[in-house]
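Turn these sequences into a full structure, and let the hints guide you.
In this note's numbering, the protein residues as written are 408 to 697.
Hints listed in this document are in silico derivations from the structure and should not be mistaken for laboratory results.
It should be emphasised that the depicted structure is a prediction, and the values quoted were computed from it without experimental measurement.
Beta carbons are placed, not taken as given, at the ideal position from N, Cα and C, and that holds for glycine.
Hints should not be assumed to be uniformly reliable.
Derived BS3-like pairs (lysine-lysine); straight-line CA-CA distance at most 25 Å [as the list claims (entries may be wrong)]:
hint	residue 1	residue 2
1	K658	K674
2	K643	K674
3	K552	K481
4	K612	K640
With beta-carbon atoms standing in for the labels, derived distance ranges [as the list claims (entries may be wrong)]:
hint	residue 1	residue 2	range
5	L513	Q622	54 to 64 Å
6	V573	K674	36 to 46 Å
7	F624	D511	46 to 56 Å
8	V460	L486	10 to 20 Å
9	D511	G635	56 to 66 Å
10	D511	K483	40 to 50 Å
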Amino acid sequence: MKNKIKTYTTVIAGLLLVALSFNLFLSPNNLVAGGVSGASILARELFGIKESVFIYIANFLLVLVSLRFLGIEKTKNTLLGSILFPVFISLTENISQRITFDLDILILAVLGGALSGIGYGLIFRNNFTTGGTDILNQIAEKYLKIPMGKSILMVDGPIVVLGLMVFGLEQTIYSLIVLILISTLSNRTMFELNKNRVLYIQTDKVKEIQDYLSQNFYYDTTIMNMTGGYTHKKKKMILCTVSQKDYYQIKEGILLIDSESFITVTKAYEQKNANKRLRSHIASTQNNTN
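Here you go:
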């Protein structure tokens, strides 16, 4: 329950950041940075259609596309964004009249791209979308096997080209800056916020270190067979994913147990069901004891 609350809070915060970026930086400066929101700027300019209304209609149609190509489970994670994003757009549509920036348009484009990129990253890392062309981005990622950041460029690029025809070259250059920043920062936000580390521990004291990790920190471990490249001796290596807050204490503890151990550390961009079996076993044991 706690994880669900955290997930939905993060997604809603991401949706609000994207909506604020749109109404503060993108829409007032006619920066068509792709997506249904970019298309809504074109619809407003050409046909006088209210942006939030256009986004509602487009999201509804694209949710139907999602049901066809991504299935009901993926579409569930699209519904929240499809509903709340245009709501946030509507609620914040007058914010540019209350908050104004006397800045060069290049700086405004950078601020808009950065804020949107962070917002999209918070949404994507929890497997949600804002609806709209995010659905097409997911379809491209699934069927063409390309990263989300690149799929954003591929799907939203044509909308930027239409922006060139309506608003001219100068605005389009700034729009491309926004689009590149969204692509870059959404990927960084998706991955860099993860604070977990993967430890590869080569040691002659496998049992002692395994017990240290499980009994003191409740971490699962995987034991792998390996062969030394120089000595060709058969050895064991421990694989364990730990949180960053525990990492330094664990590293020092391992070196106290075996000062000759060789430890390699990498970032874990994502993990699922980590330590689930061990913690379930501990909880079961404690319940039986009580």
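Each hint, compared with the structure:
1. Between the alpha carbons of K658 and K674 the distance comes to roughly 15 Å, so the proposed pair stays at or under 25 Å and holds.
2. Annotation: proposed proximity of K643 to K674 holds, straight-line Cα distance about 22 Å (limit 25 Å).
3. Straight-line distance between C-alpha atoms of K552 and K481 comes to about 16 Å, which keeps the hinted pair within the 25 Å bound.
4. With a C-alpha separation of about 15 Å, the suggested pairing of K612 with K640 holds against the 25 Å cut-off.
5. The beta-carbon spacing between L513 and Q622, approximately 56 Å, falls within the hinted interval of 54 to 64 Å.
6. Judged by the Cβ atoms, the range 36 to 46 Å given for V573 and K674 holds: they are separated by roughly 42 Å.
7. Here the CB-CB span from F624 to D511 is close to 51 Å, well matched to the stated 46 to 56 Å.
8. Separated by about 19 Å at the C-beta atoms, V460 and L486 satisfy the suggested range of 10 to 20 Å.
9. The hinted window of 56 to 66 Å between D511 and G635 holds, with their beta carbons roughly 59 Å apart.
10. Between D511 and K483 the CB atoms are about 42 Å apart, so this pair conforms to the stated range of 40 to 50 Å.
Every hint from the earlier list agrees with this structure, and none is contradicted.
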